[in-house]
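Each residue of the sequence shown is one higher than the last, beginning at 41 in the numbering used here.
Calculated from the structure, these hints are not laboratory results. Mixed in with the good hints there might be a few duds.
[As the list claims (entries may be wrong)] Across the chosen pairs, the derived CB separations fall in these ranges:
no.	residue 1	residue 2	range
1	70	103	34 to 44 Å
2	351	329	46 to 56 Å
3	74	164	46 to 56 Å
[Said to hold, decoys possible] When the alpha-carbon atoms are kept at most 30 Å apart in a straight line, the in silico BS3-like pairs for lysine-lysine are as follows:
no.	residue 1	residue 2
4	165	349
5	349	332
6	111	99
7	270	349
8	99	165
Idealized CB from N, CA, C, for every residue including glycine.
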Amino acid sequence: MPEIAPLPSTAGAAPGFPALTASARELYAACLRGGRPPGDAPPDVLDRLVALGLLVESKTEPGRLVPVDPKLAEARLGATWRTAALQLLEQAGDLSEALSPLIAEFQGNTTPVVEGDSVAYLQGKALISACVDDAVSYCTQELITAQPGGGRPANTLNAVRANVRAALSRGVSVRTLYQHTAWHAGPTREFVEEMTRLGAQVRTLDEFFERLIIVDRRTAFLPASADRNKAVMVREPAVVGFLADIFDRSWQRATEFTGQRTPERSVEITGQLRQMIVRGLIEGESDAVIAKRIGLSQRTYASHLARMKEELGVETRFQLGYQLARSGA
């Protein structure tokens, strides 16, 4: 196995840049005027200017500090930091190469995951995305995802496009569930049409479900907070198997979605969404709950509600629910 070299210290790199405070600027200006620091110069501010390379020891008078052209200090520090940055990039490349045998060993391991490692809590969207991307990059057999809330933002789709294409090119089976409202989202339809041409399978459901990603039926990712800023990574085989079974049951009830929307399919999907709204109103659920369940924005949901009120000739939400209940809708 390749040896992993220790990472170099970053103490002198840019993160350790001493701030050029107002007092430091004033002292530097005083040094320029007098040719040297004044006798009452604060030691900590002197040290700051020395660290920045703006004051150096005189070659003709040892022990005396003299000001330096800031452009020279900038060039010197910039060169030092660029060298350190290149070294860190090289170390990062070496680290990936050094760990690749261990990653392959871990992916191929068939022994149960020890307790304590079977569940990991992730905080921060950057960390969550990094962990998901890493798991997907090593996916070899199956990638299944459930994406609630209707269509996904174009920037999100662009971010995952490369990973999905790469997985499909490796022969990975890719299946995704959306809610029916994804049929009305242009960017999502275009993304789905592209992925299905490459071999992915996509279906939609009328009901709400939670976000889920399962990689090779070995690792699952679940949200752990409403704002999606926390997630749980699960490697416990029994739990992952249970989640995969829930997905499979939902998949069997779902409608195929290739990204193409025919007039007939649009009418069918709109009708199913309307029935979900009616059911929620009759059961007395709030508008926010109904909109979330069917994956509509509050604005789009309000438009559907307004059309239904107009059709039944009522003015209030209460009257609408009453009329729907009476009609047995």
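Hints the structure fails to honour: 1, 2, 4, 7, 8
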